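Each residue of the sequence shown is one higher than the last, beginning at 13 in the working numbering.
Note that these hints are calculated values from the structure, not bench results.
Predicted, not measured: the structure shown is a model, and the values here were computed from it.
Ideal placement from N, C-alpha and C gives every residue a C-beta, glycine not left out.
Each statement offered as a hint is correct.
Label-pair ranges, simulated between beta-carbon atoms:
1. ASN247 - GLY153: 27 to 33 Å
2. ASP261 - THR171: 55 to 61 Å
3. THR249 - VAL151: 29 to 35 Å
4. GLN290 - THR171: 58 to 64 Å
5. GLU20 - ASN282: 37 to 43 Å
6. GLU53 - ILE148: 47 to 53 Å
7. ASN23 - ARG206: 56 to 62 Å
8. LYS187 - ASN14: 25 to 31 Å
9. ARG41 - PRO158: 46 to 52 Å
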Amino acid sequence: MNEKALNEMRNDLIDQMERIVNTAKHEKRNLSATDQKRVAECRKEIESIDEKLETEKRQYRGEMTKMIPLTEKQEFEQRHLDEQAFLELVKKNKTDAIEGRALNAGVNGVVIPVSIAQRVVEVAKNVSPILAKATIWNVKGDLQLPAYDYTAHVFDYVTEGNAVPDTGGTFTGPKLQNFIIGSLTKISNSLINRADIDVVAVIIHQIGLSLALFLEKELIQEVGAKLKGLKTGVNVTATSTNSTTAVIDAKNVTDLINLQLKVPQVHQVNSSWLMHPQVWASLRALTGASGQLLIQGDDSGIREDGGLVLFGKPVMLSDQMPATLALNARAIYYGDFSGLDVKFTTDVQVQVMKEAYAASYQTGIVCFQELDSVVGDPSKFAVLIGK
Numbered sequence: 013m014n015e016k017a018l019n020e021m022r023n024d025l026i027d028q029m030e031r032i033v034n035t036a037k038h039e040k041r042n043l044s045a046t047d048q049k050r051v052a053e054c055r056k057e058i059e060s061i062d063e064k065l066e067t068e069k070r071q072y073r074g075e076m077t078k079m080i081p082l083t084e085k086q087e088f089e090q091r092h093l094d095e096q097a098f099l100e101l102v103k104k105n106k107t108d109a110i111e112g113r114a115l116n117a118g119v120n121g122v123v124i125p126v127s128i129a130q131r132v133v134e135v136a137k138n139v140s141p142i143l144a145k146a147t148i149w150n151v152k153g154d155l156q157l158p159a160y161d162y163t164a165h166v167f168d169y170v171t172e173g174n175a176v177p178d179t180g181g182t183f184t185g186p187k188l189q190n191f192i193i194g195s196l197t198k199i200s201n202s203l204i205n206r207a208d209i210d211v212v213a214v215i216i217h218q219i220g221l222s223l224a225l226f227l228e229k230e231l232i233q234e235v236g237a238k239l240k241g242l243k244t245g246v247n248v249t250a251t252s253t254n255s256t257t258a259v260i261d262a263k264n265v266t267d268l269i270n271l272q273l274k275v276p277q278v279h280q281v282n283s284s285w286l287m288h289p290q291v292w293a294s295l296r297a298l299t300g301a302s303g304q305l306l307i308q309g310d311d312s313g314i315r316e317d318g319g320l321v322l323f324g325k326p327v328m329l330s331d332q333m334p335a336t337l338a339l340n341a342r343a344i345y346y347g348d349f350s351g352l353d354v355k356f357t358t359d360v361q362v363q364v365m366k367e368a369y370a371a372s373y374q375t376g377i378v379c380f381q382e383l384d385s386v387v388g389d390p391s392k393f394a395v396l397i398g399k
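Can you make the complete structure from the sequences, with help from the hints?
Quick look at the structure:
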């Protein structure tokens with residue numbers, strides 16, 4: 013039995029003794045023979061639990077100590093140790109060179125420190141706005157998403173004394189599994205051996221950039237037919253009404269208004285647009301009969317953070333989106349992109365390949381990551397499809 017369960021049993025026994033004593037006090041009487049017997053039994057059980065807890069603490073002193081938040085200094089020192097261990101792995105292919113920070117072996121290579129893996133994901137999120145807005149799950153194994161239909165669970169008036177009617181909502185979220193992806197980064201040995209360059213940061217940036225480009229393409233186009241994203245996950249659609257196929261004209265402004273209104277108001281607060289840079293450029297260039305821009309003013313201006321805005325909502329640009337409103341092209345998405353769920357395992361595994369690239373004076377770093385994705389809440393999205 014683990015420490016948590018033992019402590020819960022101990023607390024329950026203390027509560028029992030307190031209830032017995034308080035009941036006797038409330039009834040203004042002494043403890044009965046039955047009460048005294050039960051109190052004695054509780055004390056004996058507590059002593060037994062205390063002995064078990066002390067034994068476990070002696071055997072697993074390192075694992076059973078109470079976790080406390082790391083100070084900034086401790087976090088800096090831990091990050092430094094992680095970087096040293098990772099650098100030793102890259103330079104010498106050693107997994108135990110740093111005292112107190114050995115790297116563990118995994119199925120596909122060496123498991124890099126969590127702090128390094130987190131920095132890789134952060135780089136990817138900074139590069140890809142879609143990934144930055146998606147809901148990230150850092151778990152191992154399969155994950156059943158807790159999606160709940162908010163329209164199925166409603167409030168209503170009730171009369172005092174009557175039961176609240178059952179609205180029958182159920183959890184129907186999709187399941188996220190594990191798909192393995194890999195990336196090869198080649199680093200010059202002269203760069204690795206230089207002391208004046210943060211090699212770890214360079215490697216993290218290269219891996220993170222590769223991860224961002226891969227994920228953004230898969231989340232939009234689903235090229236590999238494994239990860240699920242916007243292509244198959246968004247089923248609320250609007251069809252463009254442009255007069256000429258694939259040409260963006262004034263009628264598309266109305267299309268954008270209709271598309272925006274297809275997303276329920278409950279999801280509008282954090283909604284954004286997603287389109288190709290060329291589509292955005294064409295929309296911004298639309299003019300009316302008087303020659304004035306149809307989309308102008310604050311709606312399409314530059315925000316304080318430098319981002320683009322359309323009808324009061326941020327515009328995300330991606331080269332992976334269709335460049336025109338061609339026939340059946342899913343050209344513009346609108347919605348709350350937190351409805352896109354991406355699952356990463358916390359274990360990122362790497363293999364260092366020195367011999368394979370020795371002739372070119374380079375070191376290869378192969379990175380393996382397990383992940384999956386799905387549109388967990390389709391009600392948060394709508395898409396404009398080319399006519």
